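Q: For the record, the sequence lines run as chains A and B. Position 160 of the first sequence, counting from 1, maps to 160 under our numbering, and the rest follow consecutively. Position 36 of the second sequence, counting from 1, maps to 36 under our numbering, and the rest follow consecutively.
Note that these hints are calculated values from the structure, not bench results. One thing to keep in mind: the hints can contain errors.
These stretches of chain A come out as covered by chain B in the derived footprint (C-beta under 8 Å, 3 or more residues) [what the hints assert, rightly or not]:
1) 8-19
2) 39-47
3) 95-108
4) 124-130
Note that the structure is a prediction, hence the values are computed from the model and not measured. By construction, the Cβ of each residue, glycine as well, lies at the ideal position given by its N, Cα and C atoms.
What follows is each chain in one-letter form.
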Amino acid sequence: MIISEAHLEALYSQAFPQVAKLIGSMGGNPDIAKDLFHDALVIFIEKQQENKLSLTGSASSYLVGITKMLWYQHLKNHKQEFSLDDEETFETPAIEHAQKEKEEIQHLHNHLKQTGARCLDLLTAYYYDKKSLEEIADELNYKNVRSATVQKYKCIEKLRSQMKKTLVHEAAA
Amino acid sequence: MRQQLSEIKMIDQYILCALSAEDKILMDARMILSPVLKRNFFQQVKLHQVVVQHGREQLRARLNHMHTRLMRNPGFSREIQSHFK
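Kindly produce the complete structure, drawing on both the sequences and the hints.
A: In structure tokens, the structure reads:
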């Protein structure tokens with residue numbers, strides 16, 4: 001990861017009190033503040049790793065701003081009053097499809113954690129954590145970068161095959 | 001590298017937008033001609049989504065540990081709790 005553990009902890013120590021003050025002032029509780037702050041951190045870290053982040057202010061200000069937007073979304077999602085005549089309460093086919101896709105990914109994830117944990121960790125290190133193959137070869141004790149590269153593709157082959165079997169099994173059930 | 005792994009590498013580069021424009025067009029044409037290749041492509045895209053989910057789960061676990069660790073500091077914990085009535 002681009003952001004080190006020490007840097008992340010320093011950012012957390014600096015930004016979370018500001019987030020707590022914001023969410024507390026708007027009627028939220030400590031658990032909500034933590035959950036929304038973590039959502040904001042995930043967004044921040046992913047954008048940074050994809051080089052899609054261009055900060056005009058401090059990282060703390062960015063995190064507080066994102067958390068604020070997530071808080072408003074949280075309030076909207078938990079709106080108590082709705083009318084049966086309100087068309088927005090009915091799920092459209094697009095929303096249903098997106099929800100079904102999300103559930104399928106979650107199901108596949110749960111299955112692959114059981115059947116292909118080591119491969120999943122290798123692929124996560126490369127595609128999500130953006131570690132280099134040199135780092136991966138070193139951490140996971142591969143002979144060299146070429147071995148790690150071949151293993152990466154073999155893991156994709158293995159997990160793809162397991163996903164196919166899971167989906168076929170589900171379809172047959 | 002055997003053919004199956006070569007195909008996986010090609011799909012991987014397509015997903016990561018690392019193919020040249022010509023190779024991308026060639027891949028698109030091959031997927032039209034081969035339903036198996038097309039199916040494998042979408043399976044690999046799905047696998048990438050699973051990897052992202054896994055990465056996020058691991059990151060959230062790290063953040064939860066970090067939160068617990070920081071909240072053990074009485075000064076930090078008191079400051080946080082002071083904002084909630």
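Q: Tell me the numbers of any earlier hints that the structure contravenes, in ascending order.
A: Nothing - there is no hint that the structure violates, so all of them hold.
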